[in-house]
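J.: Quick mapping for you: the protein sequence lines, in order, are chains A and B. Residue numbering for the first sequence follows the numbering used here, beginning at 1 and increasing consecutively. Residue numbering for the second sequence follows the numbering used here, beginning at 1 and increasing consecutively.
Honestly, I wouldn't trust all of these hints.
Said to hold, decoys possible - If we take Cβ atoms under 10 Å as the criterion, some of the chain A residues that face chain B in the derived model are:
{"#": "1", "residue": "Leu53"}
{"#": "2", "residue": "Asp57"}
{"#": "3", "residue": "Cys132"}
{"#": "4", "residue": "Glu134"}
{"#": "5", "residue": "Ala135"}
{"#": "6", "residue": "Phe151"}
{"#": "7", "residue": "Asn181"}
{"#": "8", "residue": "Gly190"}
{"#": "9", "residue": "Ala193"}
{"#": "10", "residue": "Leu196"}
{"#": "11", "residue": "Arg200"}
As the list claims (entries may be wrong) - Beta-carbon label-pair distances, calculated as ranges:
{"#": "12", "chain 1": "A", "residue 1": "Ala147", "chain 2": "B", "residue 2": "Thr177", "range": "53 to 59 Å"}
{"#": "13", "chain 1": "A", "residue 1": "Thr29", "chain 2": "B", "residue 2": "Glu139", "range": "29 to 35 Å"}
{"#": "14", "chain 1": "A", "residue 1": "Pro154", "chain 2": "B", "residue 2": "Ala14", "range": "32 to 38 Å"}
{"#": "15", "chain 1": "B", "residue 1": "Gly304", "chain 2": "A", "residue 2": "Thr198", "range": "39 to 45 Å"}
{"#": "16", "chain 1": "A", "residue 1": "Leu109", "chain 2": "B", "residue 2": "Gly13", "range": "34 to 40 Å"}
Worth flagging that the hints you see were computed from the coordinates, not collected in a lab. We treat Cβ as the ideally placed atom computed from N, Cα and C, and that holds for glycine.
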Amino acid sequence: MANEAIAARTVRPAVIDTPARRSWRKFRTHRSAILGALIVGAFLLVALLAPVLPIADPAATDWAAVRQAPGAAHPLGTDEIGRDVLARMIWGARASVLAGIVSVGIAILLGVPLGILAGYFGGWTDIVISRCTEALLAVPFLILAIALAAFLGPSLTNAMIAIGISAMPIFVRLTRGQVINVRAEDFVEGAHAIGLSTPRILARYIFPNAMPPILVQATLTVAAAIIAEASLSFLGLGQQPPAPSWGSMLNTAKNFMSQAPWLALWPGLAIFLVVLGFNLLGDGLRDALDPRE
Amino acid sequence: MLLRVEDLQVAFGATQVISGVDLAVAAGETLAIVGESGSGKSVTSLAVMGLLGAKGVRIAGRAEFDGQPLDLTRPGGTAKLRGDQIAMIFQEPMTSLNPAFRIGDQIAEAVLCHRSVSEVEAKGRALDIMRKVGISAPERRMRQYPHELSGGMRQRVMIAMALVNEPQLLIADEPTTALDVTIQAQILDLISRLQRDRGMAVVFITHDLGVVAQVAHRVAVMYAGRIAETGSVAQVFDDPQHPYTIGLLGSIPSLTGPRTRLTTVPGSVPSPAEMPQGCRFSTRCPFAQPKCAQQPLLREIAAGHRAACHFAPLELNFGAAA
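Chain A with its partners taken away, still in its complex shape (with noise of 0.2 Å):
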């Protein structure tokens, strides 16, 4: 019986060690990353789920129970025209949950295609595409995305564009740093020796070896794309209400801050958590895609 079990045991097939195997060990083993990577699960779970969890209508009002603190029929309290503030939270995370990850999104689609072009082309490509970003980089990140949603008008939708259109810079500029220093590798020399086209090398030789700077500063951005869309709400920008979102919550429990302070409490406590959580995560993920350890 224990012949069998060390039989079994040692007649495992090898494994083969891939670069995504090794740095998944790392991240297994970082006790802050799994922590930030539970509760951004967490909120991913939640904002998904929103739909189906057994919760109040976020949108529907109760005259009859208005600023009630947390109890056993509102786990949260209620808001200042009844409406069941548990339920608002979590149609309020899938907002901000949404515009953190599309704008992130929008911001890589626009920016690793310009960082590459600069940093691959070189010459007036690069001269043109890094003045432009600088120029973008020049205007503080939240004072441009507000300019932004002002000019596009206020909805989520374009909160998270111009959320993109602010966090774009900071893609083409890590993007094309990264792509300097790959370019000059051995192997893209060689892709060029056996003949590859240049858009070939882009695809599989510059783009997945540039790749995991931009995956660490993508999941960083998306800390600071909730906060921005959440302050974008807060002036108005953003959510419309009656949909909820914690950025506009925050805004009306500025006016009961004596009467009723849980109102601001679990707004700024989900911020909180979800930009611990995907920093965290994010630190977690730049120590294990780090090649020099």
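Model the placement of chain B on the given structure of chain A, informed by the hints.
T.: Positioned in the frame of chain A, the structure of chain B alone reads:
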């Protein structure tokens, strides 16, 4: 002649790095280009490959490959041949493979790039060539990543990648410099064997004269962007006619004979900015004369043996001194 290059000139901006280099290599023949760092041997090979794509590089000269004219002067001129008829292996096997892809995929990519075959067929050819270059357990290796392989294995993979399309010409730029001597011997042996089997021409770039003696049929000694001496291995090794070649050969330790201090070539290659007029070796040459301020021509001394020295053959001009 499979490849013939005439009067190759390469300039980086205002700096002329290759001046008037002629090369020819026939099918089945190995030509070694030797010279110290900065002599222009790698630049010559990159120019032939069409890999000097950077801005500010000017290339001039005539070239012919397999009877067809070859345009070296613009980067696209060799694009169709590169990786197909002309292949190249590099000095650094540790960094010359894409770390993000499996070995098998990288070799198959070289096939897919030049042959209209299915992915399965390309993988099959990759497996074949891996077996031929002596990669053990090729089925398993195909699915491994570069970092899992040793330096010798990676150089074999590089060679497999270069040879998978059965090129007529292989340019090997110091392929064994980064490897230890036993692996070096195996790789040299492998290249020679594959060359014999396929009648492939090889241009072997190295600074190691021991390697030259082992693998080459003909040698071109380069100094400061020019050819100093060229001829068969026997001619150049047994009867060197350029003082630089003599200096290089004198700096190899010998296993037999009395132990003597190794001779060295004093100084180093002058930078392009302070290149002397006329013979470029004159600043380091023990035989230098006022006449050396004029550029010596590459003159034929014996059939196929040419040296760029005013005083060649040296025995006649200097007697016992040579």
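J.: Could you run down the list of hints and mark each one as holding or not?
T.: Outcome of the hint check:
This hint is violated: A:Leu53 has a C-beta 41 Å from the nearest C-beta of chain B, more than the 10 Å allowed. A cut of 10 Å between beta carbons decides the hint on A:Asp57: the least distance to chain B is about 49 Å, and the hint is violated. The beta carbon of A:Cys132 is not positioned within 10 Å of any beta carbon in chain B (closest approach about 22 Å), and the interface hint is therefore violated. The interface hint given for A:Glu134 is violated, since its Cβ lies 22 Å from the closest Cβ of chain B, which is over the 10 Å cut-off.
With its C-beta approaching chain B no nearer than about 25 Å, A:Ala135 sits outside the 10 Å limit, and its interface hint is violated. A least Cβ separation of about 39 Å between A:Phe151 and chain B goes past the 10 Å threshold, and the interface hint is therefore violated. Interface hint at A:Asn181: violated, since its Cβ lies 12 Å from the closest Cβ of chain B, which is beyond the 10 Å cut-off. The interface hint given for A:Gly190 is met, as the beta carbon of that residue sits about 5 Å from the closest beta carbon of chain B, less than 10 Å.
Hint status for A:Ala193: holds, given a least beta-carbon distance of 4 Å to chain B, under 10 Å. Because the closest C-beta pair between A:Leu196 and chain B is about 5 Å apart, less than 10 Å, the hint holds. Because the smallest distance between the Cβ of A:Arg200 and any Cβ of chain B comes to about 7 Å, under 10 Å, the interface hint for this residue holds. Take A:Ala147 and B:Thr177: their Cβ atoms lie about 57 Å apart, and the range 53 to 59 Å holds.
Under the hint 29 to 35 Å, the C-beta atoms of A:Thr29 and B:Glu139, about 32 Å apart, fit the expected range. Evaluation of the 32 to 38 Å hint for A:Pro154 and B:Ala14 yields a failure: the beta carbon distance comes to about 59 Å. At roughly 41 Å, the beta-carbon separation of B:Gly304 and A:Thr198 lies within the given 39 to 45 Å, and the hint holds. Judged by the Cβ atoms, the range 34 to 40 Å given for A:Leu109 and B:Gly13 holds: they are separated by roughly 38 Å.
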